[in-house]
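Q: Take a look at the letters that make up each chain.
Number of protein chains: 2
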Amino acid sequence: MMPISDRLIYNKRVFTRSARASDKDGIERKETVMAGQKNKVTIFDVAKASGVSSSAVSYALNNKPGVSEATRAKVLKVAKGLGWRPNGAAQALARANTSRIGVVLAQEARLLSAEPYMMELLAGLGAELEQHDYSMLLRFAIGRDNEVVILKDWIATGNVDALLLVNLEMDDPRVALLNEYPEMPALALCDPSLSGGLPVMRSLDMQAVTKAVSYLHDLGHERIGRVGGPESFGHSYIRDAAFSDAAAELGVRYRCLHADYTPKGGIEATKRLLSVNPRPTAIIYDNDVMAMAGMGIAREMGFDIPGDLSIMAWDDSFMCTAVFPHLTVMGRDIVGSGHRAAQLLLKLVDGEQVGVADEYPYELRERASTGPAPASVEQR
Amino acid sequence: MMPISDRLIYNKRVFTRSARASDKDGIERKETVMAGQKNKVTIFDVAKASGVSSSAVSYALNNKPGVSEATRAKVLKVAKGLGWRPNGAAQALARANTSRIGVVLAQEARLLSAEPYMMELLAGLGAELEQHDYSMLLRFAIGRDNEVVILKDWIATGNVDALLLVNLEMDDPRVALLNEYPEMPALALCDPSLSGGLPVMRSLDMQAVTKAVSYLHDLGHERIGRVGGPESFGHSYIRDAAFSDAAAELGVRYRCLHADYTPKGGIEATKRLLSVNPRPTAIIYDNDVMAMAGMGIAREMGFDIPGDLSIMAWDDSFMCTAVFPHLTVMGRDIVGSGHRAAQLLLKLVDGEQVGVADEYPYELRERASTGPAPASVEQR
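From first to last, the protein sequence lines stand for chains A and B.
Per our numbering, the first sequence starts with residue 48, numbered consecutively.
Per our numbering, the second sequence starts with residue 48, numbered consecutively.
Worth flagging that the hints you see were computed from the coordinates, not collected in a lab.
From a predicted model like this one, the values you see are computed outputs, not experimental measurements.
It is possible that some hints are incorrect.
When chains are identical, the list treats them as one kind, so a pair holds in a single copy or across two.
[Claimed, not checked] Straight-line C-alpha distance at most 20 Å; calculated DMTMM-like pairs for lysine to aspartate or glutamate:
| no. | residue 1 | residue 2 |
| --- | --- | --- |
| 1 | Lys-311 | Asp-380 |
| 2 | Lys-311 | Glu-413 |
| 3 | Lys-258 | Asp-405 |
| 4 | Lys-394 | Asp-180 |
| 5 | Lys-95 | Glu-410 |
| 6 | Lys-394 | Glu-177 |
| 7 | Lys-258 | Asp-351 |
Required output: the full structure, derived from the provided sequences and hints.
A: This is the structure:
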């Protein structure tokens with residue numbers, strides 16, 4: 048359990064604001080602001096001040112088993128000293144119904160905007176939330192540690208009704224955190240094998256991978272390359288495993304490099320895959336941005352698409368039918384999945400069980416960028 | 048002034064939640080929730096109940112001139128009856144420092160995801176806000192009316208510290224609303240001519256348009272086409288005017304069609320522009336998605352790019368260097384402008400003046416999709 052950062056509960060801006068309140072009700076406002084802050088003392092503060100874990104504080108304050116009587120007495124004393132109030136007006140207001148769903152994005156800003164997936168998901172999520180008068184509280188974290196700090200803040204302050212967890216990594220610290228605080232509903236977008244028992248909406252990647260590899264195998268491709276997403280992402284790992292298995296089953300030689308979803312990453316990985324003799328006759332990309340860039344550089348290198356090399360993308364944004372040849376893709380309704388995620392989150396808010404739900408399934412959308420394997424393979 | 052919707056202040060979910068609170072503190076929680084609701088009576092409720100405008104209520108309750116004594120007395124009586132409390136704990140908490148900036152997006156979900164601009168802007172905004180412990184409260188409105196309702200809700204409940212207004216239209220109702228409630232700081236991303244005096248961050252479109260037209264004119268292009276964004280958007284209008292003026296000044300024949308930023312819109316407009324004899328020898332697009340699609344369909348129609356036709360895009364997402372030939376663009380640092388918008392919003396929250404600030408300027412990034420005008424022009 049990481050110690051909670053000091054910055055969570057108090058920040059300078061509050062003081063700045065009350066200090067500059069110079070209108071005629073200035074003094075009164077300052078007082079109520081200070082009262083507001085007092086209400087923001089959380090179990091994390093109590094934990095820090097009493098030197099025990101926040102879960103121990105939770106047990107102690109909620110009069111539940113799990114801590115010694117000595118610890119309980121100590122915690123209660125510290126909590127009282129700090130002015131912690133379990134049913135203060137602030138907490139009641141905050142916890143009762145914020146009508147907010149929290150989402151933290153931890154990808155770098157420029158990378159996020161290169162990825163149509165996330166905007167499609169958020170757009171679907173937001174459109175559905177709007178039907179229920181819910182807002183999305185959005186943070187752009189600076190790395191994983193910061194993401195966990197934000198989540199702890201939300202748990203402590205009851206700033207959101209539920210959380211959506213995206214881009215789960217293997218052994219993700221968010222899973223452990225949310226399991227420790229079951230009072231904060233959370234939906235993880237990942238394979239159930241990664242969620243540590245949290246409710247999930249899973250993408251049906253395994254069956255999609257099998258379909259994609261079979262499709263290319265049926266076109267005569269015996270050497271298939273792949274440019275995957277970042278290796279630390281859980282869904283990259285799931286796809287890696289599925290590709291290995293599907294290729295082994297069909298006797299296809301499978302080579303994979305991982306990149307970062309950007310055109311640059313796609314271009315570099317494509318050049319590397321095509322530099323080794325014998326080269327693959329088809330390449331599948333983990334997103335459409337890398338596929339578009341990979342197709343572009345392959346054509347620059349003199350490969351005819353799909354005569355010499357078939358190109359296939361994952362996900363199906365507008366780009367895939369704006370480039371020529373149009374990209375064959377494993378597509379799915381990401382906006383629709385955003386809607387579905389919102390529905391599941393609102394179920395969790397209402398105390399309903401979710402367990403394991405499915406995203407919209409993938410479908411193979413065959414376009415002009417794939418074709419039969421070339422009879423002979425030459426390097427370029 | 049539109050009447051405020053009933054749905055704003057009370058919603059069913061609160062009752063659902065308190066009704067299902069069956070744990071041991073259930074009764075207590077229900078009571079605090081009800082208290083919380085009472086605090087949410089707003090000037091809009093008072094206005095509705097007393098049959099006067101919300102600005103009149105504001106004047107009356109804040110003891111300011113602008114209403115008759117009879118109206119003031121009536122408003123005070125109604126407000127008291129409804130339990131309105133100007134300095135209640137809830138309002139103090141809400142108004143003191145929400146650490147939230149509100150953004151309402153009113154574009155259709157699938158369209159939003161086709162537009163890298165918005166995700167880049169949000170990513171920059173969010174990354175900067177994160178440095179200041181601020182969150183983004185995001186709504187996806189269903190049309191303009193719904194957008195105004197959401198803004199009124201935020202003004203009434205103090206749910207955000209400040210607002211960012213994007214995609215301003217001509218005679219935009221949001222401008223009138225925010226001018227009516229100066230206590231809610233707002234920054235409009237638009238030309239100052241559209242903001243009705245609100246603080247703005249303007250994009251430097253006029254000088255960019257002049258630069259783009261001059262560039263093509265210098266390459267010998269005498270007939271320039273343009274595929275603009277939706278005509279109702281303020282920045283489309285500003286660009287339309289700038290293109291007309293720049294073309295007139297240089298003696299260039301300028302033809303413009305408007306589309307909806309999607310590949311489909313870009314493809315259709317491109318086909319139309321190329322169908323009229325004599326056709327343009329260069330086309331400029333208001334976003335990169337339409338430019339990519341327009342270049343694709345032009346090549347499908349048999350035009351060599353840039354031999355027969357030069358293509359130029361506005362904004363410069365990753366796509367522009369992932370297609371071949373790479374797209375010449377009028378680019379700007381959108382992520383950087385998102386950062387700047389956040390800084391301006393936080394200034395407004397701190398009570399500082401902003402006035403008219405500039406986005407990052409455009410720069411011409413010359414790539415392979417533009418070249419000298421063809422010697423002769425044939426239809427295809």
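Q: Using 20 Å as the alpha carbon limit, work out where Lys-311 and Glu-413 are close: within a copy, between copies, both or neither.
A: Intra 25 Å, inter 19 Å, cutoff 20 Å: inter-copy only.
Q: Indicate which option fits the pair Lys-394, Asp-180 if close means a Cα-Cα distance not exceeding 20 Å: within, between, both or neither.
A: within (14 Å within a copy, 29 Å between copies)
Q: Within a copy, between copies, both or neither: where do Lys-258 and Asp-405 come within 20 Å Cα-Cα?
A: within (18 Å within a copy, 50 Å between copies)
Q: At most 20 Å between C-alpha atoms: does Lys-95 with Glu-410 qualify within a copy, between copies, both, or neither?
A: neither (51 Å within a copy, 51 Å between copies)
Q: Can you give me the call for Lys-311 and Asp-380, within, between, both or neither, at a CA distance of at most 20 Å?
A: between (26 Å within a copy, 18 Å between copies)
Q: Taking 20 Å as the upper bound on the Cα-Cα distance, should Lys-394 and Glu-177 be classified as within, between, both, or neither?
A: Close inside one copy (15 Å), not across copies (29 Å); limit 20 Å.
Q: With 20 Å as the alpha-carbon cut-off, assign the pair Lys-258 and Asp-351 to within, between, both or neither.
A: neither (24 Å within a copy, 37 Å between copies)
In terms of the numbered hints stated before, the structure departs from hints 5, 7, listed from lowest to highest.
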